[in-house]
Amino acid sequence: MRRLPVLLACLLLSAAVTHAQSNAVGPNGTSLGAPGTVAIVGGKLLTVTHGTIENGVVVMSGGKIVAVGPAGTMKVPKGATVFDAKGMTVYPGLFDAETTLGLSEVASDQNNNDLLERSDEIEPNMHVTDAFHAETVRIPVQRINGVTNAIVAPAEGDSISGQDALIQLYGKDRDAMIVTPDIALAMSFDGAVRRRGGPGAGSGKFPSTRMGVASQLRQTFLDAQNYMTEQAAAAKPDHKGPAPKRDLKMEALIPYLKGEKPVVFGAYESYEVEVAMGIAQEFHLKVILNHVTHAQDVLDKIASYKVPVIVGSIYDAPEANERYDAVFSLPAELQKRGVKIALTSMNNNGPVSDSRNLPYAAGYAVAYGLPYDEALKAITLNPAEMFGVGDKLGSLDVGKTGNVVVANGDPLDVRTSVQQVWIGGVAIPMVSRQTMLRDEYEPLTHPAKQ
Amino acid sequence: MRDTLLEPLSRYCPSAPGGVALPVSSTNLRHRARLGTGLCLLLPCCIVSAQTAPPTDLVIKNATVMTASHGTIEHGSVWVHAGKIAEVGATVGAPADAVVIDATGKYLTPGIIDPHSHMALGDDINEATSPVTPSMMMIDAFDNKDAALYDALAAGVTSLLLLHGSANLIGGQAVVIKNKFGLPREQMLFPNAPRSIKFASGENPKRVYGSRDMLPSTRMGNFEVMRQSFEDARAYMATWSAYDAKVSKGDKDASAPKRDLKLEALSDILKGKLLVQIHCYRADEFLTEEAIAKEYGFKIRAFHHALEMYKVGDKIAPTGTAIATFADWWGFKDEAWDAIPWNAVMSMREGVRVALKSDSNDYVRRLNQEAGKMVHYGGATEDEAITMITLNPAWIMGVDDRVGSIDKGKDADLVIWNVDPLSTYARAEKVYIDGDLYFDSSLPGFGTTKFSGVMHTAGFSGADDEDGGVQ
Numbered sequence: 001m002r003r004l005p006v007l008l009a010c011l012l013l014s015a016a017v018t019h020a021q022s023n024a025v026g027p028n029g030t031s032l033g034a035p036g037t038v039a040i041v042g043g044k045l046l047t048v049t050h051g052t053i054e055n056g057v058v059v060m061s062g063g064k065i066v067a068v069g070p071a072g073t074m075k076v077p078k079g080a081t082v083f084d085a086k087g088m089t090v091y092p093g094l095f096d097a098e099t100t101l102g103l104s105e106v107a108s109d110q111n112n113n114d115l116l117e118r119s120d121e122i123e124p125n126m127h128v129t130d131a132f133h134a135e136t137v138r139i140p141v142q143r144i145n146g147v148t149n150a151i152v153a154p155a156e157g158d159s160i161s162g163q164d165a166l167i168q169l170y171g172k173d174r175d176a177m178i179v180t181p182d183i184a185l186a187m188s189f190d191g192a193v194r195r196r197g198g199p200g201a202g203s204g205k206f207p208s209t210r211m212g213v214a215s216q217l218r219q220t221f222l223d224a225q226n227y228m229t230e231q232a233a234a235a236k237p238d239h240k241g242p243a244p245k246r247d248l249k250m251e252a253l254i255p256y257l258k259g260e261k262p263v264v265f266g267a268y269e270s271y272e273v274e275v276a277m278g279i280a281q282e283f284h285l286k287v288i289l290n291h292v293t294h295a296q297d298v299l300d301k302i303a304s305y306k307v308p309v310i311v312g313s314i315y316d317a318p319e320a321n322e323r324y325d326a327v328f329s330l331p332a333e334l335q336k337r338g339v340k341i342a343l344t345s346m347n348n349n350g351p352v353s354d355s356r357n358l359p360y361a362a363g364y365a366v367a368y369g370l371p372y373d374e375a376l377k378a379i380t381l382n383p384a385e386m387f388g389v390g391d392k393l394g395s396l397d398v399g400k401t402g403n404v405v406v407a408n409g410d411p412l413d414v415r416t417s418v419q420q421v422w423i424g425g426v427a428i429p430m431v432s433r434q435t436m437l438r439d440e441y442e443p444l445t446h447p448a449k450q
Numbered sequence: 001m002r003d004t005l006l007e008p009l010s011r012y013c014p015s016a017p018g019g020v021a022l023p024v025s026s027t028n029l030r031h032r033a034r035l036g037t038g039l040c041l042l043l044p045c046c047i048v049s050a051q052t053a054p055p056t057d058l059v060i061k062n063a064t065v066m067t068a069s070h071g072t073i074e075h076g077s078v079w080v081h082a083g084k085i086a087e088v089g090a091t092v093g094a095p096a097d098a099v100v101i102d103a104t105g106k107y108l109t110p111g112i113i114d115p116h117s118h119m120a121l122g123d124d125i126n127e128a129t130s131p132v133t134p135s136m137m138m139i140d141a142f143d144n145k146d147a148a149l150y151d152a153l154a155a156g157v158t159s160l161l162l163l164h165g166s167a168n169l170i171g172g173q174a175v176v177i178k179n180k181f182g183l184p185r186e187q188m189l190f191p192n193a194p195r196s197i198k199f200a201s202g203e204n205p206k207r208v209y210g211s212r213d214m215l216p217s218t219r220m221g222n223f224e225v226m227r228q229s230f231e232d233a234r235a236y237m238a239t240w241s242a243y244d245a246k247v248s249k250g251d252k253d254a255s256a257p258k259r260d261l262k263l264e265a266l267s268d269i270l271k272g273k274l275l276v277q278i279h280c281y282r283a284d285e286f287l288t289e290e291a292i293a294k295e296y297g298f299k300i301r302a303f304h305h306a307l308e309m310y311k312v313g314d315k316i317a318p319t320g321t322a323i324a325t326f327a328d329w330w331g332f333k334d335e336a337w338d339a340i341p342w343n344a345v346m347s348m349r350e351g352v353r354v355a356l357k358s359d360s361n362d363y364v365r366r367l368n369q370e371a372g373k374m375v376h377y378g379g380a381t382e383d384e385a386i387t388m389i390t391l392n393p394a395w396i397m398g399v400d401d402r403v404g405s406i407d408k409g410k411d412a413d414l415v416i417w418n419v420d421p422l423s424t425y426a427r428a429e430k431v432y433i434d435g436d437l438y439f440d441s442s443l444p445g446f447g448t449t450k451f452s453g454v455m456h457t458a459g460f461s462g463a464d465d466e467d468g469g470v471q
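Respectively, the protein sequence lines represent chains A and B. Residue 1 is where the first sequence starts when you use our numbering, and the numbers rise one by one after that. Residue 1 is where the second sequence starts when you use our numbering, and the numbers rise one by one after that.
Chain A on its own, in the form it takes in the complex (with noise of 0.2 Å):
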């Protein structure tokens, strides 16, 4: 009984070496390999929905996980890849909850940035799918750090800055790589967007104050609302005459309208998100709140909301004056109010997502408070939740997408190194250019080599 292990470990060696033989890189980071089936045996997992398994086995199959369960209730299919995971830690591929890859590859190159369509104040006929690289050099350096789904969002500065998509990191080419187009509406009601006239003087062009972002809001919803009703009563059999003009603008804002799709709505001060949530409840408007960052004083009143909350950055720095801590500490303030609460990569440093340290964000939450389970469901399940595909990501539960990881440690931990990600049931391969560049460069590192 004794060497029974020994040689399972060997066998499993085996296994997980042929499986890596079989993973060859192609077209756009790809694998070539078969995808199959997978089994991750003898890891931690931490399942998001029910709880932790100290030795788990995870099987994936036709891109889904198929079973989830200890050790000892559970069978490895014949023929499956096995993946040796003991001493490792599996958990449910990341979600980043706001990004914007795939908008952007050099940052400050104008060329190839699509961050923002900045015309105009309102914009939600513009689709973030539309511009959309999948072929970026940066999606492989997220995801090989365990991030398997993001949204991708407009970069802020309009009032209503497009429409956000999901995408899964991992695909030959966009339409593998999209997962819901327009899953939500990218607004912000920020005293950034007054650009037109600029704070004080500027150009003179409407809207230069928060009152004109805000009236400019509600007329636009206004416009969507009668357009609606136009459009609706034009499509009935007894409507006579000529149908009316399409107009791009306000079609796209039915959905959210209609309260079918969420609308991400950002603001930082109390007052902006006050504000903010009047438009949005005056026209029934979904809401996921996002950043909330200096809203500490109305807490409370957030929670009564009973919207979900994208908060922070949780990096970004207090106002003068206040506690070093006072936005490390939100997740957890508002999660103790019940509020759903999500985390995303994105910090004050720039409009380039690098999502590679979004559990790093949910880790710090932790250190200011967040309970551990919730901060790993701040960056798994409840964004899922929170943009409608609950039921397909965010856990270890079966039926779901095959998006799953293993690390050689607590996920949250700056220390930990992510072993392998399996995104849609294939094992990616763990290459990204700056893999690339550091193995031809090892050499000097390691003069014996060469």
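In case anyone wonders, no lab produced these hints; they're calculated from the structure. Beta carbons: idealized from backbone N, C-alpha and C, even for Gly. Hints are supplied without guarantee of correctness; some may be wrong.
Simulated coverage check for chain A against chain B, where a stretch passes if three residues somewhere in it have a Cβ under 8 Å from a Cβ of chain B [what the hints assert, rightly or not]:
| hint | stretch |
| --- | --- |
| 1 | 54-62 |
| 2 | 94-108 |
| 3 | 362-372 |
Not close to chain B: a few residues of chain A, all C-beta gaps over 10 Å, as computed [what the hints assert, rightly or not]:
| hint | residue |
| --- | --- |
| 4 | Gly36 |
| 5 | Ala71 |
| 6 | Lys86 |
| 7 | Arg138 |
| 8 | Pro237 |
| 9 | Lys301 |
| 10 | Tyr315 |
| 11 | Pro318 |
| 12 | Arg337 |
Given chain A's structure and the hints, the job is docking chain B onto it.
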């Protein structure tokens, strides 16, 4: 301590009894400054509530002591005497009346040192009116009430190098501070720290001046501007040498050349009086910079950013030049496109002295975790990772004989952490500078011990090179 407070006291509050030594905290001084001189008569009342001077002897016991110079001591103790580290080890021979802090289960490190910051300089980061401005003194812009200093203190950052930006090939001279947030400006300066000067290269200078149709608009232009500057300095030095020679021969009619602040500063570079800190990204540029340094006979102390050092670490290591780099920043501009997060550890293995730096009012708040990433990216040991944010940045700033490690005789700049500081879950609980407590997270309000009053956000709040900025 007491005497040093008299000078600012009399300055802020002219009617205060300047000649009397009083245990006045700077907290009170700040209140006084805000309330105006009319309230100076109330000074004696304020003194009653002033905090006490730091203990002469302090022992922090039973911590996991990460020394940064000689490994980690489990259940170790540190004895601080008169602001200096008197002893570190499994046990220490402190006097019986020493104040004892029980740090059981906690971690103790040297204060974190950031060798590249632009905080507390308002929006005066770049004198971008000429590509060569070596006589700009950053101390003239130093704003000691910037909230960024507080945020950094709460993150365990005890010393910083505040640098000119990167618009200019040869920028200004840095100010080195101890982060004694709450004390007057002059008391925050790192005493007798060597002078550093900021150079830049690559995209920023050529963009700033090229966009104005000025020299330089290319990297060729960049380096030629540098060479010409040093030629000018040589000529200036020759003029002074000739004058000095005449004087030493007894020529009483010799007329002294005019002093020129710019050429004087450039001459100081050639004389080795300034530590040269070069903003530089690309592998080829490290090599060119070293060649120019060799040609003109000065040493480069450190390349900052240095994101491609992993490509030529073997060539740079023998020069002794260190790097101050980001943990994992990349892709924000063309010259950061080949950045890889393994750069720091690979460069270290190639023999280069490596420090991490923030260059950001954000990342300065978690340099310990940026160091923790080095365990992930390249397998640094925890001791190596800690050294990258303590002893190595101290060396870059030329203050490694006084700070940067927990060694006998060094300044007692110490941080007590709740858990391993390289973990995501680390919080700085207590921060000591020169043996005095400046931050304690268990205190209400700011957690500061020397500051109570109004801080502000200085004009510059972001990161250096993000989006091709020019800081």
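ask   = For which of the previously enumerated hints does the structure constitute a violation, in increasing order of number?
value = Per hint list: 1, 7, 10, 11 violated.
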